[in-house]
Amino acid sequence: AAGVIQSPRHLIKEKRETATLKCYPIPRHDTVYWYQQGPGQDPQFLISFYEKMQSDKGSIPDRFSAQQFSDYHSELNMSSLELGDSALYFCASSSTGGLQGTQYFGPGTRLLVL
Amino acid sequence: QKEVEQNSGPLSVPEGAIASLNCTYSDRGSQSFFWYRQYSGKSPELIMSIYSNGDKEDGRFTAQLNKASQYVSLLIRDSQPSDSATYLCAVNIGAGGSYIPTFGRGTSLIVHP
Numbered sequence: 001a002a003g004v005i006q007s008p009r010h011l012i013k014e015k016r017e018t019a020t021l022k023c024y025p026i027p028r029h030d031t032v033y034w035y036q037q038g039p040g041q042d043p044q045f046l047i048s049f050y051e052k053m054q055s056d057k058g059s060i061p062d063r064f065s066a067q068q069f070s071d072y073h074s075e076l077n078m079s080s081l082e083l084g085d086s087a088l089y090f091c092a093s094s095s096t097g098g099l100q101g102t103q104y105f106g107p108g109t110r111l112l113v114l
Numbered sequence: 001q002k003e004v005e006q007n008s009g010p011l012s013v014p015e016g017a018i019a020s021l022n023c024t025y026s027d028r029g030s031q032s033f034f035w036y037r038q039y040s041g042k043s044p045e046l047i048m049s050i051y052s053n054g055d056k057e058d059g060r061f062t063a064q065l066n067k068a069s070q071y072v073s074l075l076i077r078d079s080q081p082s083d084s085a086t087y088l089c090a091v092n093i094g095a096g097g098s099y100i101p102t103f104g105r106g107t108s109l110i111v112h113p
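Those protein sequence lines, which keep their order, are chains D and F. So the first sequence is numbered by this note's numbering: it starts at 1 and just counts up by one. So the second sequence is numbered by this note's numbering: it starts at 1 and just counts up by one.
These aren't lab readings, by the way, just hints derived from the structure by calculation. Every residue gets a Cβ at the ideal spot worked out from N, C-alpha and C, and that includes glycine. A couple of the hints might just be wrong.
[As the list claims (entries may be wrong)] DSSO-like mimics (lysine-lysine), calculated; alpha carbons at most 27 Å apart, straight line: (1) F/Lys42 x D/Lys22; (2) D/Lys52 x D/Lys22; (3) F/Lys42 x D/Lys13; (4) D/Lys57 x D/Lys15; (5) D/Lys15 x F/Lys42; (6) F/Lys67 x F/Lys56; (7) D/Lys22 x D/Lys57; (8) F/Lys56 x D/Lys57; (9) F/Lys56 x F/Lys42; (10) D/Lys57 x D/Lys13.
[Stated by the list, open to error] Simulated coverage check for chain D against chain F, where a stretch passes if three residues somewhere in it have a Cβ under 8 Å from a Cβ of chain F: (11) 19-27; (12) 73-79.
The shape of chain F in the complex, shown without the other chains (with noise of 0.2 Å):
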């Protein structure tokens, strides 16, 4: 299994919809947690990080972290079809100063007019 795990997808939502993207991670000691967005063949763009419980806002994105079920998901309001990409998660322990983030596969989004 791996140690951070996301849904494949594709997941479909029609523009103007909230599109909700999750991700499992298997260490309790994980402290830092981020998404990126990755358009095909292009580098990952960092859109969020949250370390703490609770919900972070930033424009139309919204992390949500619980620690406690070892989940963190990213909320996307008014999907537009610029949206669509592969979002991945990535989740670093920090133990010991090393910040070696474990992604998660991705999960396709698509965003469809």
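Extracted from the complex, chain D is given alone in its bound form (with noise of 0.2 Å):
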């Protein structure tokens, strides 16, 4: 079965830089999550977007934003990257006819900040 896709899976940048996560959905989802996991932390819940409209907003500092597009895949925009950004970044998607709040999450990108 089709999984959540994002890229890049690594991405290396120096502070003060602009980085660009992309996410895939399952297709036929409808719903993008963002989430950053520090080491050793649970998954910190960024922001999300249902049917391409923002829907709930979670820790996401000012510097970073996102937007779904019309085929549903999500992009999370972060300038003036800090040492403290560096962390695995999550995409989860799920489907509002499905079961209520199940989430598939994506294999992550792996962002450090130098």
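Assemble the dimeric complex from its two separately framed chains, guided by the hints.
What follows is the structure, given as structure tokens:
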């Protein structure tokens, strides 16, 4: 079965640079979620989109923005990167027609800020 | 206090034993409960979801939910070394159409041969 696709899988950036992470949800899933997970931490919810509209907002820094496009893929844009932004970034998708709140995670993007 | 609490472990069990992982939550309005398995450096993988009080079994895994006591547990029978991972409990309220789960910090499980 098709899963959530994320790209790139690994990314190295310098401080103050920008990064764009991409997420392609499972086909026919209408909701996308972004999470940040630091070492030894649980996933922290950043932001979500339902039918291309922002639906919930978590602990996303103002330096980050995200959007969902007409084909349902989503991009997380990160600017003025800081050392503390180094983490695993996961995208998850779900279907409102499916089991309530069941999210399926992508493989993640490992971001390293030097 | 975190809204979803888990013992960080590590929980160490011998191969073939039953591993019992517990999770408590604070919001009585919570409606959906999930267990994810996460290997180091990998993404969380959904193991079980449960919505009603009682037990739900899937292969070697059994999820147990007690809303009155606000806890959800995961039992792993015939534990295998490949079950060694961090197990994340996730809970969401589901009110107003929002399905953003709150994760616990996870319990590290070690199954030794």
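Here is how each hint holds up against the structure:
1. F/Lys42 x D/Lys22: holds (17 Å)
2. D/Lys52 x D/Lys22: holds (14 Å)
3. F/Lys42 x D/Lys13: Measuring from Cα to Cα gives roughly 21 Å; hence the hint holds.
4. D/Lys57 x D/Lys15: holds (25 Å)
5. D/Lys15 x F/Lys42: holds (25 Å)
6. F/Lys67 x F/Lys56: This hinted pair holds, its Cα atoms lying about 14 Å apart.
7. D/Lys22 x D/Lys57: Holds, at roughly 18 Å.
8. F/Lys56 x D/Lys57: Roughly 32 Å between the alpha carbons, so the hint for lysine 56 of chain F and lysine 57 of chain D is violated.
9. F/Lys56 x F/Lys42: Status holds; Cα separation ~26 Å.
10. D/Lys57 x D/Lys13: Within the cut-off at roughly 25 Å; holds.
11. 19-27: violated (count 0)
12. 73-79: violated (count 0)
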